[in-house]
Amino acid sequence: MTVEHVAARPSWRCRECRAPWPCQPAKTQLVAAYDRIGLCMYVAERSAEAALDLPGLTPAAAYARFLGWARAATRSEPTGET
Numbered sequence: 001m002t003v004e005h006v007a008a009r010p011s012w013r014c015r016e017c018r019a020p021w022p023c024q025p026a027k028t029q030l031v032a033a034y035d036r037i038g039l040c041m042y043v044a045e046r047s048a049e050a051a052l053d054l055p056g057l058t059p060a061a062a063y064a065r066f067l068g069w070a071r072a073a074t075r076s077e078p079t080g081e082t
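Be aware that the sequence shown starts at 1, since it is given in our numbering, and climbs by one per residue.
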């Protein structure tokens, strides 16, 4: 059985482990599910939704929580170029 670590709105905490979403298991699942562009687009959309639900979330905090890790995770992927 696969456990999905998804966001509960409007709190933006993981439904499974209650950590701020995206939690570490969610990040692992997302990296496995999306290519570089798809991952960045997906988390950017979630960041915009979270900004509506979390009025105290600053742009810097939103970037760090939703986008910064995704960009870092995708930078280490091989490009296929030699």
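Hints are supplied without guarantee of correctness; some may be wrong.
Here are the simulated distance ranges between beta carbons [to be verified]: (1) Ala64 <-> Tyr34: 26 to 32 Å; (2) Ala33 <-> Tyr63: 17 to 23 Å; (3) Ala72 <-> Ala48: 30 to 36 Å; (4) Arg9 <-> Tyr63: 16 to 22 Å.
Hints listed in this document are in silico derivations from the structure and should not be mistaken for laboratory results. Just so it is clear, CB atoms sit at the ideal spot from N, CA and C, and this is done for glycine as well.
Against the structure, the hints:
| no. | hint | verdict |
| --- | --- | --- |
| 1 | Ala64 <-> Tyr34: 26 to 32 Å | violated (19 Å) |
| 2 | Ala33 <-> Tyr63: 17 to 23 Å | holds (21 Å) |
| 3 | Ala72 <-> Ala48: 30 to 36 Å | violated (20 Å) |
| 4 | Arg9 <-> Tyr63: 16 to 22 Å | holds (19 Å) |
Hint compliance for this structure: hints 1, 3 are not met, and every other hint is.
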